[in-house]
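Numbers 1 to 253, taken from this note's numbering, label the letters of the sequence shown in order.
To be clear, the hints were calculated from the coordinates, so they are not data collected in a lab.
Beta carbons: idealized from backbone N, C-alpha and C, even for Gly.
Be aware that one or more of the hints could be misleading.
Stated by the list, open to error - Simulated DEER-style distance windows between Cβ atoms:
#1 Lys-152 / Ala-233: 32 to 38 Å
#2 Asp-60 / Lys-169: 39 to 45 Å
#3 Asp-171 / Gly-100: 41 to 47 Å
Claimed, not checked - With a cut-off of at most 25 Å between alpha-carbon atoms, the simulated DSS-like pairs for lysine-lysine come out as follows:
#4 Lys-79 / Lys-152
#5 Lys-79 / Lys-147
#6 Lys-169 / Lys-152
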Amino acid sequence: MPRVLALLVLIVLQMGCGRTPKLIEYDEQTNAQARSAPLVVVGVADADAIVGDFVPARSDPTYPMLLHRVRVRVENVLKGLLNERTIEVYYFGFAGALNGPRPLDFGLAASRRILWLRMDNGTFRMACEGWDSCTIFVNSGAHPGYKPDVQKPLDYALADILLTRGVGKIDELRFADEVRNAPPDQGVESHVIEKAEYLAATEGSAIKSAACDLMWVHTQGLRDPEILEQAAASLQAAHCRCVVKAGLIQVCG
């Protein structure tokens with residue numbers, strides 16, 4: 001019996017190892033194209049686990065990388081097709097000391113994010129590795145039932161998710177930071193201004209201040225005159241009061 005049990009344990013371990021795909025870290029060109037990935041979802045990521053040994057980085061063979069697997073509970077599909085509601089996603093992360101932008105890492109705590117994904121021989125992979133250029137944290141809550149307009153660019157859907165109060169527990173200050181630091185909106189400025197005006201008119205002080213900041217930014221610089229006019233009108237309609245000194249915004253509310 002002990003020999004049989006040992007054999008069964010060995011078989012189980014071999015099966016577990018077989019489930020880890022043999023992947024190769026992306027090259028720089030693939031990483032640079034992360035935001036062009038064919039699949040974009042909103043999901044809650046957790047259960048991040050290291051599933052491989054140290055491997056040398058492609059850009060620097062003296063630097064170690066580690067293969068991770070993270071579970072993602074998919075809430076919305078913003079681009080592409082996906083039927084599964086829970087998926088496992090793989091990525092190579094830094095395994096040593098570093099200094100630079102935010103690294104791709106999910107850690108122990110669950111986090112809601114917008115994720116850019118690719119498929120690799122039937123395996124879901126993050127669209128970037130190393131530095132994080134393929135996730136955006138979502139602090140506006142869950143948005144059950146939301147489906148994007150597939151006739152419009154992805155940036156419309158990003159604005160809808162990031163600039164609309166959802167459901168569930170929401171950290172007001174983090175939501176405010178999300179609004180204030182909305183992602184680039186080239187081509188969808190009018191939509192972003194509309195979302196910001198609604199937030200400024202309906203939310204409490206922290207969110208209103210952030211939304212007013214966002215609209216004020218759209219009144220500055222070499223923008224389309226229609227955008228400048230819309231932003232100014234929205235600031236007034238939402239009763240935003242912005243204090244500006246030396247051309248820099250001090251406070252809005």
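Verification of the supplied hints:
Checked against the hint of 32 to 38 Å, the C-beta distance between Lys-152 and Ala-233 comes to roughly 23 Å, which is inconsistent with it. Our hint of 39 to 45 Å for Asp-60 and Lys-169 holds, since their Cβ atoms are close to 41 Å apart. For the pair Asp-171 and Gly-100, the supplied restraint of 41 to 47 Å is violated, since their beta-carbon distance comes to about 26 Å. Taken as a hint, the Lys-79 and Lys-152 pair is honoured in the structure, with Cα atoms around 11 Å apart against an allowance of 25 Å.
Proximity of Lys-79 to Lys-147 is assessed by CA-CA distance (about 10 Å); at most 25 Å being required, the pair is judged to hold. The straight-line distance between the Cα atoms of Lys-169 and Lys-152 is roughly 29 Å, outside the 25 Å bound, and the hint therefore fails.
Checked against the numbered hints given earlier, this structure breaks hints 1, 3 and 6; the rest are met.
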